[in-house]
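**Q** Whole structure, please, built from the sequences with the hints as guidance.
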Amino acid sequence: GDQVKQSPSALSLQEGTNSALRCNFSIATTTVQWFLQNPRGSLMNLFYLVPGTKENGRLKSTFNSKESYSTLHIRDAQLEDSGTYFCAADGNNNAPRFGAGTKLTVKP
Amino acid sequence: EAAVTQSPRNKVAVTGGKVTLSCNQTNNHNNMYWYRQDTGHGLRLIHYSYGAGSTEKGDIPDGYKASRPSQENFSLILELATPSQTSVYFCASGTGDSGNTLYFGEGSRLIVV
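For the record, the sequence lines run as chains A and B.
Here the first sequence stands for residues 1 to 108, numbered as in my numbering.
Here the second sequence stands for residues 1001 to 1113, numbered as in my numbering.
What the hints contain is simulated information worked out from the structure, not anything from laboratory work.
Bear in mind the structure is a predicted one, so any value in this text is a computation, not a measurement.
Any given hint could be a false lead.
Said to hold, decoys possible - Below, computed lysine-lysine pairings styled on DSSO-like, alpha-carbon distance capped at 30 Å:
#1 A/54 x A/66
#2 A/5 x A/107
#3 A/103 x A/5
#4 A/66 x A/103
#5 B/1018 x B/1057
#6 B/1057 x A/66
#7 B/1065 x A/5
#8 B/1011 x B/1065
#9 B/1018 x B/1065
#10 A/107 x A/60
#11 A/5 x A/60
#12 A/103 x B/1011
#13 A/5 x B/1057
#14 A/103 x B/1057
#15 A/60 x A/103
**A** See below:
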């Protein structure tokens, strides 16, 4: 909800291009998770972050706790990257709150 | 491999009826969660649990009860189902300590008519 704001809400990319998704937090956040929901509805965890940066293949994510935001960078987008990306913010009570998601479509 | 199993996967219920959504995890995780997903809202937290016997209210608990009888099982109960509770419900588990990565079930689609 409003505690976690994701942008953009939708994004269309050509295959092979790069882009960045963003989450802004209005709640105290100690850790951030990023998920991909595929077109069948399954949710897969991409990253679990404390403040800092992680990279996995063509994906890189950064969590800046001082400025209350996180980004997910996608490099060389592929068709299988299509789906909805969610970020989730967790405070000290281990009850993650989700943003509304970014629907990504990668076109050939 | 982390495993979270939800049942039923699909259900049609009548208004005023009782619905129980079940979730089982074989990860031996302390924490379990119930979220609902509706277009434009992402996933919203209904109830969660820190372990057997514990339940906590999330952001939208009204109309829902939760039960955690064991480490493995966490149920979401709709005592008097309403059409506004038509949604897709997701259960998740997490270790609860540093590194509380969530593992999700496949979702339960509920239609209340």
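**Q** Against each hint, give a clear statement of whether it holds in the structure.
**A** Hint check results:
1. A/54 x A/66: Distance of about 17 Å is within 30 Å: holds.
2. A/5 x A/107: Roughly 25 Å between the alpha carbons, so the hint for residue 5 of chain A and residue 107 of chain A holds.
3. A/103 x A/5: holds (14 Å)
4. A/66 x A/103: holds (27 Å)
5. B/1018 x B/1057: holds (20 Å)
6. B/1057 x A/66: The hint holds at about 28 Å.
7. B/1065 x A/5: Holds, at about 28 Å.
8. B/1011 x B/1065: Distance of about 18 Å is within 30 Å: holds.
9. B/1018 x B/1065: holds (11 Å)
10. A/107 x A/60: Holds - the C-alpha atoms of residue 60 of chain A and residue 107 of chain A are around 21 Å apart, at most 30 Å.
11. A/5 x A/60: holds (19 Å)
12. A/103 x B/1011: Since the Cα atoms of residue 103 of chain A and residue 1011 of chain B sit roughly 27 Å apart, the hinted pair holds (cutoff 30 Å).
13. A/5 x B/1057: holds (22 Å)
14. A/103 x B/1057: holds (29 Å)
15. A/60 x A/103: holds (18 Å)
When held up to the earlier numbered hints, the structure conflicts with none and fits them all.
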